[in-house]
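S.K.: Residue numbers (this note's numbering), protein chains in the order written: chain S, 1 to 580; chain U, 1 to 189.
It should be emphasised that the hints constitute simulated quantities derived from the structure, not laboratory data. These numbers come from a predicted model, not from an experiment. The C-beta atom is built at its ideal place from N, Cα and C for all residues, glycine as well. Warning: the hint list may mix true and false statements.
What the hints assert, rightly or not - Residues from chain S shown here face chain U by an in silico Cβ test under 8 Å; the list is partial:
1) Pro140
2) Asp167
3) Trp255
As the list claims (entries may be wrong) - Pair ranges (Cβ atoms, derived):
4) U:Val106 with S:Ser162: 30 to 36 Å
5) U:Val106 with S:Arg224: 31 to 37 Å
6) S:Val169 with U:Ile97: 30 to 36 Å
7) U:Ala155 with S:Ser210: 58 to 64 Å
8) S:Pro172 with U:Val142: 27 to 33 Å
To be verified - List time: in silico BS3-like cross-link candidates among lysine-lysine, alpha-carbon distance up to 25 Å:
9) S:Lys258 with U:Lys104
10) S:Lys281 with U:Lys168
11) U:Lys189 with S:Lys170
12) S:Lys170 with U:Lys167
13) U:Lys118 with S:Lys170
14) U:Lys101 with S:Lys258
15) U:Lys189 with S:Lys173
16) U:Lys104 with S:Lys281
17) S:Lys168 with U:Lys3
18) S:Lys281 with U:Lys118
19) U:Lys167 with S:Lys281
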Amino acid sequence: MSDTTPTKLLPKDEAAEKGLVNVQIDGNWIQVPRGTRMIEACKIAEKEVPHYCYHPKLSSPGNCRMCLVQMGMPPRPAPGADPVYGDDGFQEIGWMPRPVIACANTVGENMGIRTTGDLVEKTREGVMEFLLINHPLDCPICDQAGECSLQEFSVEHGRGQSRFVEDKVKKPKNVDIGPRINLDDERCIMCSRCIRFMDEVADDPVLGFSERGTHTTVTCHPDRKLDSNYGMNTVDLCPVGALTSKDFRFQMRVWFLKETPSIDVNCGTGCNTTVWTRGNKVYRVTPRRNDDVNSEWMPDSHRLSFHNTQGDDRLTDPMIKVEGKHEITDWNNALTASADALKQFESNEIAIIASARLTNEELFLTQGLAATLETSNVATVERIGEADGKLISADRNPNTNGAKLILGDSVSKLNDIKSGLQNGSIKALVVLGEDLFEAAGFTHDELAGAELIISSHTLANKTAHISDIVLPGAAFTEKRGSMVNVTGRLQKLNQAVQPLGNAHEDWELIRDLILAITGEKNDMFMIEDVLKHISTNITEFNGITFSKIGNQGLPILETGVEIPLLTKERERAEAGIIVG
Amino acid sequence: MAKVTKLQRPKLSKTDELYLVGIFKGTLVTLKHAFKSVMGKSRGADSLNSSGLGITMQYPEEKWDDHLPEYYRGAPALVTDEQDRERCVSCQLCEFICPPKAIKIVPGEIPEGDEWEKVEKRPQEFEIDMIRCIFCGLCEEVCPEQAIYLRKDYAITGTSREEMVHKKDRLYEIGGKRVGLVNKWNDLK
Numbered sequence: 001m002s003d004t005t006p007t008k009l010l011p012k013d014e015a016a017e018k019g020l021v022n023v024q025i026d027g028n029w030i031q032v033p034r035g036t037r038m039i040e041a042c043k044i045a046e047k048e049v050p051h052y053c054y055h056p057k058l059s060s061p062g063n064c065r066m067c068l069v070q071m072g073m074p075p076r077p078a079p080g081a082d083p084v085y086g087d088d089g090f091q092e093i094g095w096m097p098r099p100v101i102a103c104a105n106t107v108g109e110n111m112g113i114r115t116t117g118d119l120v121e122k123t124r125e126g127v128m129e130f131l132l133i134n135h136p137l138d139c140p141i142c143d144q145a146g147e148c149s150l151q152e153f154s155v156e157h158g159r160g161q162s163r164f165v166e167d168k169v170k171k172p173k174n175v176d177i178g179p180r181i182n183l184d185d186e187r188c189i190m191c192s193r194c195i196r197f198m199d200e201v202a203d204d205p206v207l208g209f210s211e212r213g214t215h216t217t218v219t220c221h222p223d224r225k226l227d228s229n230y231g232m233n234t235v236d237l238c239p240v241g242a243l244t245s246k247d248f249r250f251q252m253r254v255w256f257l258k259e260t261p262s263i264d265v266n267c268g269t270g271c272n273t274t275v276w277t278r279g280n281k282v283y284r285v286t287p288r289r290n291d292d293v294n295s296e297w298m299p300d301s302h303r304l305s306f307h308n309t310q311g312d313d314r315l316t317d318p319m320i321k322v323e324g325k326h327e328i329t330d331w332n333n334a335l336t337a338s339a340d341a342l343k344q345f346e347s348n349e350i351a352i353i354a355s356a357r358l359t360n361e362e363l364f365l366t367q368g369l370a371a372t373l374e375t376s377n378v379a380t381v382e383r384i385g386e387a388d389g390k391l392i393s394a395d396r397n398p399n400t401n402g403a404k405l406i407l408g409d410s411v412s413k414l415n416d417i418k419s420g421l422q423n424g425s426i427k428a429l430v431v432l433g434e435d436l437f438e439a440a441g442f443t444h445d446e447l448a449g450a451e452l453i454i455s456s457h458t459l460a461n462k463t464a465h466i467s468d469i470v471l472p473g474a475a476f477t478e479k480r481g482s483m484v485n486v487t488g489r490l491q492k493l494n495q496a497v498q499p500l501g502n503a504h505e506d507w508e509l510i511r512d513l514i515l516a517i518t519g520e521k522n523d524m525f526m527i528e529d530v531l532k533h534i535s536t537n538i539t540e541f542n543g544i545t546f547s548k549i550g551n552q553g554l555p556i557l558e559t560g561v562e563i564p565l566l567t568k569e570r571e572r573a574e575a576g577i578i579v580g
Numbered sequence: 001m002a003k004v005t006k007l008q009r010p011k012l013s014k015t016d017e018l019y020l021v022g023i024f025k026g027t028l029v030t031l032k033h034a035f036k037s038v039m040g041k042s043r044g045a046d047s048l049n050s051s052g053l054g055i056t057m058q059y060p061e062e063k064w065d066d067h068l069p070e071y072y073r074g075a076p077a078l079v080t081d082e083q084d085r086e087r088c089v090s091c092q093l094c095e096f097i098c099p100p101k102a103i104k105i106v107p108g109e110i111p112e113g114d115e116w117e118k119v120e121k122r123p124q125e126f127e128i129d130m131i132r133c134i135f136c137g138l139c140e141e142v143c144p145e146q147a148i149y150l151r152k153d154y155a156i157t158g159t160s161r162e163e164m165v166h167k168k169d170r171l172y173e174i175g176g177k178r179v180g181l182v183n184k185w186n187d188l189k
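All chains should be built: construct the whole structure from the sequences, respecting the hints.
M.R.: Take a look at the structure:
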């Protein structure tokens with residue numbers, strides 16, 4: 001007979017084996033990792049705890065007091081006494097008479113949290129009342145209206161009427177705090193998210209609190225401006241309308257805007273974004289959370305780059321050069337003219353200069369075009385800038401890795417094409433979305449050897465100017481497609497608006513050009529069909545569909561490249577400064 | 001399932017089929033009213049502001065205007081207040097609530113140095129398409145600034161679609177000045 005009878009493990013021991021603790025949230029026991037913040041535990045239990053100052057990517061000062069909840073722990077046993085466990089294996093919880101903040105406290109074994117109940121509701125009502133005491137209530141003119149936590153929580157937890165009869169504290173309004181940001185101090189609730197962001201993430205601590213008590217104001221350093229290239233993230237962070245974007249100021253109320261998840265195409269990082277549109281106009285672009293790419297931030301320069309696609313220099317119609325002047329024509333004419341013109345040349349006299357700014361689908365069709373023309377002269381242009389040690393990658397092409405996967409080493413071929421143009425072996429150029437002068441470094445003399453230039457662009461540029469046939473393409477907000485970023489993550493662009501005028505999505509115009517040359521039909525009717533071809537032809541893309549890529553992307557390559565901002569964030573999360 | 005009964009038309013007697021009795025009765029009623037109206041004794045002529053010749057109002061020489069109740073919902077219009085301030089701050093709630101999407105607003109910023117600089121925002125363009133407007137009054141109800149009211153203008157006509165779109169100046173012309181409203185943007189703001 002064995003001397004050890006199998007004793008049933010207590011829940012606390014079961015959890016401890018897995019590094020978890022038992023927490024009772026609103027009456028239900030759940031297990032969460034040891035060291036989890038109470039607010040995160042409540043999130044796991046799907047109980048919302050209203051909060052302003054807490055942000056998982058920033059440190060928790062616990063100064064807004066909005067996340068107050070009731071907490072309880074088992075009472076400490078008297079000396080010599082053993083803890084008493086109930087039938088369910090838990091100790092009885094002794095509830096604390098005063099609330100605690102959920103954002104800066106971590107959970108413990110056998111802890112109880114109440115996110116509802118008299119005490120919590122009264123507390124929230126009280127905190128809301130204090131926050132609204134000096135609030136100007138100018139929602140009708142505030143850009144934050146519609147996405148304002150103060151509005152949301154005052155509806156949910158506020159008392160509906162003000163009891164405050166004294167005069168409100170006047171503070172500076174409409175303060176020019178930086179080139180892209182406006183500050184309204186009256187609307188500020190002192191959550192300090194912006195201050196912490198500028199200090200901890202942007203490494204440019206220009207913001208701080210000045211004055212005391214109800215006169216506390218967020219201020220910028222007197223000799224500085226909030227001009228960091230990451231400054232506009234504070235606008236997204238601001239739970240109220242204190243910090244607002246100058247670019248988006250009074251442009252449109254947010255409730256009219258449609259959100260389209262997409263990615264940034266200004267550098268190899270490919271920050272995840274949300275494109276906000278109404279009708280066929282893009283109003284703003286904001287970062288979207290992706291912990292493997294951009295955390296929750298994006299640089300201002302990239303955020304505002306959508307304005308480039310809204311200028312007067314957009315190409316809206318196909319054009320053919322007649323006697324040195326571009327004349328507008330229709331797609332049929334332009335494509336047949338292109339096909340006829342290309343047929344005048346031997347296949348090795350034709351070169352294609354594609355761009356690593358094109359999507360995988362467009363690059364795949366570019367390869368198809370090269371196969372149709374039987375040329376092997378397909379090049380892409382390298383675009384190297386300066387990395388900023390945060391999110392901006394030195395590689396300013398968004399799809400360099402995709403171009404490598406699909407076209408192979410295409411960057412080195414650019415020089416072959418250059419010399420081919422010089423010695424007259426190459427006479428016709430097909431340029432797809434690339435600028436020959438500034439980016440590729442061609443000169444007018446070098447291009448004099450080209451008897452035919454067919455190019456597709458979104459903007460009128462010098463290359464379009466010297467082209468014989470110009471095919472208008474779509475901007476990044478106007479097309480679908482996939483790209484591979486510097487870390488080897490496959491991400492997708494979504495169409496937020498329709499292409500301008502008669503412009504076509506680039507993959508369509510390359511396909512149509514192939515069809516015009518061969519005179520046959522193929523089976524690529526939708527962009528999904530192109531991706532299907534890619535997935536069967538290129539190993540890394542095996543089994544990939546648009547729905548599998550999803551909004552968070554899919555790693556398909558090991559490049560060994562790290563995004564510096566994420567490395568830093570991971571370090572801070574491991575040090576317990578942030579939740580991450 | 002519900003039982004279906006086919007309704008039968010009433011069977012007319014021989015006298016009914018002649019219609020003569022009906023016609024005679026009708027003529028009598030008509031003649032009675034004709035006689036009364038010639039005598040200037042039409043019922044309800046005064047209360048309906050009619051010409052007295054019957055109860056018919058001789059539109060457009062005579063109009064209902066004096067008889068419109070306070071709550072009458074005519075053309076929506078923008079108003080200014082005692083200080084001649086445009087009350088609208090282009091919050092676009094009316095544009096949002098408008099069921100037939102008749103309202104179009106382009107918000108704008110009040111430039112620095114303006115008397116009402118502190119209000120920060122006002123409409124740059126404000127258009128109400130009166131072909132679309134259904135006079136429901138939701139815009140007036142939703143307005144947080146007491147800036148848009150349905151006035152008593154009901155004869156909104158035009159010879160082209162463009163003419164039927166009320167621009168900002170036309171809206172202020174219809175709306176005029178409205179006094180006694182809440183002065184939200186007072187000295188304390």
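S.K.: All hints, please: hold or fail.
M.R.: Here is how each hint holds up against the structure:
1. Because the beta carbon of Pro140 of chain S sits about 4 Å from the nearest beta carbon in chain U, less than 8 Å, this interface hint is met.
2. Against a cut-off of 8 Å between C-beta atoms, the interface hint on Asp167 of chain S holds, since the closest Cβ of chain U lies about 6 Å away.
3. The restraint placing Trp255 of chain S at the interface with chain U holds, with a minimum CB-CB distance near 6 Å, inside the 8 Å limit.
4. Between Val106 of chain U and Ser162 of chain S the C-beta distance comes to about 33 Å, which sits within the given range of 30 to 36 Å.
5. The given range of 31 to 37 Å is respected by Val106 of chain U and Arg224 of chain S, whose C-beta atoms sit roughly 35 Å from each other.
6. The hinted range of 30 to 36 Å is satisfied by Val169 of chain S and Ile97 of chain U, whose Cβ atoms lie roughly 33 Å apart.
7. Taking 58 to 64 Å as the suggested C-beta distance range, the pair Ala155 of chain U and Ser210 of chain S conforms, at roughly 60 Å.
8. Distance hint check for Pro172 of chain S and Val142 of chain U: the Cβ-Cβ separation is about 31 Å, which falls inside the suggested range of 27 to 33 Å.
9. Under the criterion of a C-alpha separation no larger than 25 Å, the hint pairing Lys258 of chain S with Lys104 of chain U is consistent with the structure, at around 17 Å.
10. With a CA separation close to 23 Å, the supplied pair Lys281 of chain S and Lys168 of chain U stays within the 25 Å bound.
11. Proximity of Lys189 of chain U to Lys170 of chain S is assessed by CA-CA distance (about 8 Å); at most 25 Å being required, the pair is judged to hold.
12. For the proposed pair Lys170 of chain S and Lys167 of chain U, the alpha carbon gap of about 36 Å is over 25 Å, so the pair is violated.
13. Taken as a hint, the Lys118 of chain U and Lys170 of chain S pair is honoured in the structure, with Cα atoms around 12 Å apart against an allowance of 25 Å.
14. A distance of roughly 17 Å separates the Cα atoms of Lys101 of chain U and Lys258 of chain S; the hinted pair therefore holds under the 25 Å criterion.
15. A threshold of 25 Å between alpha carbons decides the hint, and for Lys189 of chain U with Lys173 of chain S the separation of about 10 Å falls inside it, so the pair holds.
16. Simply put, Lys104 of chain U and Lys281 of chain S have alpha-carbon atoms about 15 Å apart, close enough for the 25 Å limit, and the pair holds.
17. Distance hint between Lys168 of chain S and Lys3 of chain U is unfulfilled; the C-alpha atoms sit about 71 Å from each other, more than 25 Å.
18. A threshold of 25 Å between alpha carbons decides the hint, and for Lys281 of chain S with Lys118 of chain U the separation of about 29 Å lies outside it, so the pair is violated.
19. Proximity of Lys167 of chain U to Lys281 of chain S is assessed by CA-CA distance (about 23 Å); at most 25 Å being required, the pair is judged to hold.
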